[in-house]
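Chemist: Given next are the chains, with one letter for each unit.
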Amino acid sequence: MNFMGNSVSRISIKKAARASAATALCTAVLALSACSGQSGESKVAAAPAVASGPADLGTALRVRLITEEQYFNTLSYVFGPDIRLAAHFAPMRRTEGLLQGGAASAGVTASQLEQYQRTASGIATKVVDPEHRNLLVPCKPADEKAADRACAAKFLKAAGRLLYRKPLTDALLAGIVEKAAANADQLKDFYAGLGIALEGMLISPNFLMVADRAEPDPRHKGEQRLDAYSLASRLSFFLWNAAPDDFVLKAAESGEILTPKGRAKVVDMMLASPRLTAGMRAFFDDMFAFDDFDNLAKDPKVYPSFTGVTVQDAREQTLRTVVDHLIAKKGDYRDLFTTRSTFMSPALAAIYNVPAVPSWRPYEFPEGSPRTGLLTQISFLAGHAHPGRSSPTLRGKALREVLLCQTVPRPPANVDFSAVENPSSTIKTQRERVALHLKNPVCAGCHKITDPMGLALENFDGSGAYRTTEKGESIDPSGSLDGKAFTDVVGLGKALHDHPQLPQCLVRRVYAYGTGGPTSSDDKPLLDYFDKQFAAEGYRLPDLLRTMVLSEAFGEVRDERAPAATSAAAGAAQR
Amino acid sequence: MTKQILFGAVALGALIAGAAQAADLENVRGGRIGYVLTTLHWATYQTAGAKECPNGFNDGPREQFKILFPEGKRKYSLMETQIARESEGWHPQADNDHGFTFYEPQTKIGLGLNLDGKVGPNDFTSPDGEQGIDNQLYRALGCVRSYRDGQTANDFFDNQEIQKTSYNRSMFEISGVDSLANDDSVEVTWYRGLDALMTDATGENVVPGGSQRIDTRFGKKFIQKMHGKIVDGVLITEPTDITFPWATFGLPADELIRGMRMKLKLTPTGALGLMGGYADIDMWYNQTMRSESTHHQSYGALSPPSLYKAFLRLADGYPDAKTGKNTAISSALRAGFTQVYVLHPDQTVAGDMGTDKQTDFAPVRDAKR
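Chains as they are written, first to last, in our numbering: chain A, 1 to 575; chain B, 1 to 369.
The hints are simulated quantities; they were obtained by calculation from the structure and are not laboratory data. Where hints are given, some of them may not hold.
Pair ranges (Cβ atoms, derived) [to be verified]:
| hint | chain 1 | residue 1 | chain 2 | residue 2 | range |
| --- | --- | --- | --- | --- | --- |
| 1 | B | S179 | A | K301 | 28 to 34 Å |
| 2 | A | Q501 | B | F218 | 54 to 60 Å |
| 3 | B | I223 | A | H88 | 44 to 50 Å |
| 4 | B | I223 | A | T469 | 35 to 41 Å |
| 5 | A | P81 | B | I223 | 41 to 47 Å |
| 6 | B | K325 | A | V302 | 42 to 48 Å |
| 7 | A | H88 | B | N286 | 47 to 53 Å |
| 8 | B | S179 | A | V302 | 44 to 50 Å |
| 9 | B | E187 | A | K301 | 32 to 38 Å |
| 10 | A | P411 | B | I223 | 58 to 64 Å |
| 11 | B | S166 | A | A150 | 53 to 59 Å |
| 12 | A | Q501 | B | G31 | 44 to 50 Å |
Calculated pairs, DSS-like style, for lysine-lysine (alpha carbon to alpha carbon, straight line, at most 30 Å) [unchecked claim]:
| hint | chain 1 | residue 1 | chain 2 | residue 2 |
| --- | --- | --- | --- | --- |
| 13 | B | K221 | A | K301 |
| 14 | A | K145 | A | K221 |
| 15 | A | K301 | B | K265 |
| 16 | A | K140 | A | K157 |
| 17 | A | K330 | A | K261 |
| 18 | B | K265 | A | K471 |
| 19 | A | K250 | A | K221 |
| 20 | B | K108 | B | K164 |
| 21 | A | K250 | A | K261 |
Quick partial rundown of chain A residues pointing at chain B, CB under 7 Å, derived from the structure [to be verified]:
| hint | residue |
| --- | --- |
| 22 | P300 |
| 23 | P304 |
| 24 | T307 |
| 25 | A349 |
| 26 | P355 |
| 27 | A356 |
| 28 | N440 |
| 29 | A444 |
Virtual Cβ for every residue (Gly too), placed ideally from N, Cα, C.
This is chain B alone, in the form it adopts within the complex:
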């Protein structure tokens, strides 16, 4: 009798384990699953009423212009006003923001990852209590209205262009996946994709199950490998320099995040979480200047020269070998991904039918590429 109960329990356990394993491997084909980037925001902790910015938000181009060139004082030339300010934006220096006061968030709470493994005096504590969060970029952006989540043009358009513009197509594929719940060793490869995203009937929501061809035209610049693991359904990767495209309003621009690592909650249909690393200051600034024209900067009260000066002050990583000055700033991105089939160049493609089966890609008869 006892044996029968034991056997029954073992059988039931095996059944449950089998079912769990099937669920763990949903949309995993040949040990691989891909995710395409669909939402992207700089991770800024903010509260209702902006309590973290007790001094208010920083001035933008419009406000600074009024201070620099007050009406009625004298007649200014175009060269010494608008053109000069544009030039200062495109060629920032440590001392060309005319001494404007810059407000940083006054809070100990911040979003991001512990990049250096230490708990330092300038680090933040995450909302759920993790200490040692490295995100000095938040100090620069936290009280700039343009980077307040969901409130400004910059935040809105930068994110929107991630979906709408195929130029910005970034994705990653995890290989060697034994389980989406726990796997102590997986390989992750970042790619640039070529194709538009598959959306629902509204055109606004990306649906899983689309396909993306890898863009191989730029070689390793957009193909970067990293090692990782999956712990309780969370993908955690080791630091790797990652370059990815992020252009807004059609002007090509890239971001370079040094030592980037991901911490993403995985499901068979998507991934959501944080990407942290040290953002290359010059790449970051260039990307912003190319993506946001002065009128967008004005709407979002984003003063590039002031921001650049803050970057130089707050930069905390990757010192230049000659000058010793840091060239990168710790940062974090809130990122969302949707499951996608990553099509490799040598793959004539395609697969099987069920969502509950794990099958290697089968060749397509007569497929021509």
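Same shape as in the complex, but just chain A:
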């Protein structure tokens, strides 16, 4: 494990991953808990296993740092929601549109490790404190002032399995129990010893790092696949944004998860679980780059109604809308960009200029409203605007990059912004302002691909509030998107809804997120297959998730030492 480096080569990751199977705890470790947050969720009748998909190289072995949310989700499921602390870890580096992609190239600095240690200490202390120990520790020590190896082992074995996402080997468990015992005797406190052992487990690479491990694939000679525990973790962190629960781990322990039928059973249970909501909220929070909202602020003199609560609620509104539409209603993904259904909070209502009762309530904008789809929600409008004014360019750029997976080039380093930053006082509207871009050939190339659709959102100011005029001038919200012209934002929503790259972009983001790294051109046949399946299934996210995670490619391992074409051909030839 390379805790200090900023990046690790895939080969070294691969080696590290293999080596990590035998990694011992790096610090003193002592205790263990038995209660698990096993979902035991609804026993869903397994749907038929889907087609396994085309031949594919699979994915590279990766070691990923778990995210802050994965960290606390997992601990909440294992020890209960009140165990959470107000701690924050260093953000990941956004890679190919996703923070999750950066998790595979994240290092851990000394200060980050200190933060992990401090958090682990706080959590371990809570787990064994008098308020929690009777519930979380499944036995009582013979003497609270001395070591009790049997009781400690009972707790540490159960907790360790859930935290490390696989059973602890006897040797590893024995070492942790001895640490717990030594500390208990030294401190003359069984629970203090147990807490120190748990603290050690929580800063172990076995917990903090999700390492893919490979094994020979018996169905495809010469190829490799994820081992059962790695597959369980990949599924769980993808679908639940948390470590696997007891049900999933049992399927890994029995090997059932490696069979098509067994994997389908596990996947259907996971898709039916309430934890899917947390998983998909995390995905869309990542895809929509809502981490930027941690630093989003508006000029209070220009937008007095836009406050810190607005920022939080705008993010929450979009996530609620997405999850409700895609998961609860199993709606068409593309309809997210035309729907008038959402959720409303009082803070948002002040900007939407509608009444609202306290707390979150379902809300539907009336027919004929320009508020149609995610583009017209405050999260998109305010999130892609300047602190004191709207920005057709930022909005158009976000539309292309976030929703269509296109890349808009960065402005040249020597670009002269003076014409747009300090325009003539005779310029009233953003349309007039951005038109200045088109007069400069250096600017025009990119602005032609961002501004025409961004201008369709000009009926919404930088806070997301609706307006029909700007500085006394009527706003012209007409525009175009890749050859489709429209007269207003409703037309933009429809054009985006019908844009072929909209669902394709989601497919690429979801697959990259689920497998922990960016897709490549080698994945094109597989992604094309997912595209077709997604379309055939009515663009329903749960169906797409099922198709992806049941594909062979999802669990296969790419041998990076072999040339891609050769490897792919070999794999295809063997099927």
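Following the hints, position chain B against chain A.
Modeler: Showing chain B alone in chain A's frame:
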């Protein structure tokens, strides 16, 4: 040619009228617009240097205590000093202020409304020349430091609590609005609200566009209707008895203004002006005693027994049927309101999106209350 010019002029006129009408109806939904109370002060006319109080300000509890119980004269008991003065504050009589001199403002100028439609010898003239202003409460409060605008704890905290404490949430909704500029007949309903106010990032400034549920728990006590009209953007209502909550420092208290009428300049985002009427003396006094403890009274030089005696002397309305003594005093309040959506109990709520459209409330799908 002439016809063309005429047609053009008519079209332009229609366009302007249409635009004006749209502006007149901004934030008016289904003919209704609501406003929530955000600032409230007793209307006291004052000048720089307090020229209207040539004799200075009235003494407060601290000064009166020193006069009544001079140091070194003899040893006083707690019972005959602090406790006795507290008792006199809570149980005021016409003759229990020990004969202290009470100073009234020496000015003909005052703020308020002409409540009785007459111009009498005790009436004031407004700063803009309107005669017949009835505001005898000003005579009682005008030279009490506690009621000097923006200078004292009482004025500051009473106003602050209007915003900060949901107990004090008062609002009104105008219905039947055809125009915020001119409408010869509108209905106005006072309500008590339930919710905190929506503020900007500083937390100090209330922003328009918030929502307020009506507090129906107390029935008609806090739901009062009045008829009115809008003239040149000013809402003018007919007299109606209005009770509204006004507690400071968490102690519940209400005000009762008999025959209250409003004169408020309306905009789509707020309302500002005067509310005038006859304040019920006992309710007023009780509200003050419950809201301001002795140390606040001392800081503001507000002597309740002296004030009560002044009230009895100056009261000019609503005589008691048995005693014939007036029970209320003409008064005025400077009030500010911010536009708010008033949510009715039977309304699953909510509306449309634009600020330039007039739309009835549309039901919310699956809304649960």
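Chemist: All hints are to be evaluated individually against the structure, with a verdict given for each.
Modeler: Evaluation of the provided hints:
{"no.": "1", "hint": "S179(B) x K301(A): 28 to 34 Å", "verdict": "31 Å, holds"}
{"no.": "2", "hint": "Q501(A) x F218(B): 54 to 60 Å", "verdict": "59 Å, holds"}
{"no.": "3", "hint": "I223(B) x H88(A): 44 to 50 Å", "verdict": "48 Å, holds"}
{"no.": "4", "hint": "I223(B) x T469(A): 35 to 41 Å", "verdict": "38 Å, holds"}
{"no.": "5", "hint": "P81(A) x I223(B): 41 to 47 Å", "verdict": "42 Å, holds"}
{"no.": "6", "hint": "K325(B) x V302(A): 42 to 48 Å", "verdict": "56 Å, violated"}
{"no.": "7", "hint": "H88(A) x N286(B): 47 to 53 Å", "verdict": "51 Å, holds"}
{"no.": "8", "hint": "S179(B) x V302(A): 44 to 50 Å", "verdict": "29 Å, violated"}
{"no.": "9", "hint": "E187(B) x K301(A): 32 to 38 Å", "verdict": "37 Å, holds"}
{"no.": "10", "hint": "P411(A) x I223(B): 58 to 64 Å", "verdict": "59 Å, holds"}
{"no.": "11", "hint": "S166(B) x A150(A): 53 to 59 Å", "verdict": "57 Å, holds"}
{"no.": "12", "hint": "Q501(A) x G31(B): 44 to 50 Å", "verdict": "46 Å, holds"}
{"no.": "13", "hint": "K221(B) x K301(A)", "verdict": "39 Å, violated"}
{"no.": "14", "hint": "K145(A) x K221(A)", "verdict": "56 Å, violated"}
{"no.": "15", "hint": "K301(A) x K265(B)", "verdict": "24 Å, holds"}
{"no.": "16", "hint": "K140(A) x K157(A)", "verdict": "15 Å, holds"}
{"no.": "17", "hint": "K330(A) x K261(A)", "verdict": "24 Å, holds"}
{"no.": "18", "hint": "K265(B) x K471(A)", "verdict": "25 Å, holds"}
{"no.": "19", "hint": "K250(A) x K221(A)", "verdict": "26 Å, holds"}
{"no.": "20", "hint": "K108(B) x K164(B)", "verdict": "35 Å, violated"}
{"no.": "21", "hint": "K250(A) x K261(A)", "verdict": "15 Å, holds"}
{"no.": "22", "hint": "P300", "verdict": "5 Å, holds"}
{"no.": "23", "hint": "P304", "verdict": "4 Å, holds"}
{"no.": "24", "hint": "T307", "verdict": "4 Å, holds"}
{"no.": "25", "hint": "A349", "verdict": "6 Å, holds"}
{"no.": "26", "hint": "P355", "verdict": "3 Å, holds"}
{"no.": "27", "hint": "A356", "verdict": "5 Å, holds"}
{"no.": "28", "hint": "N440", "verdict": "35 Å, violated"}
{"no.": "29", "hint": "A444", "verdict": "33 Å, violated"}
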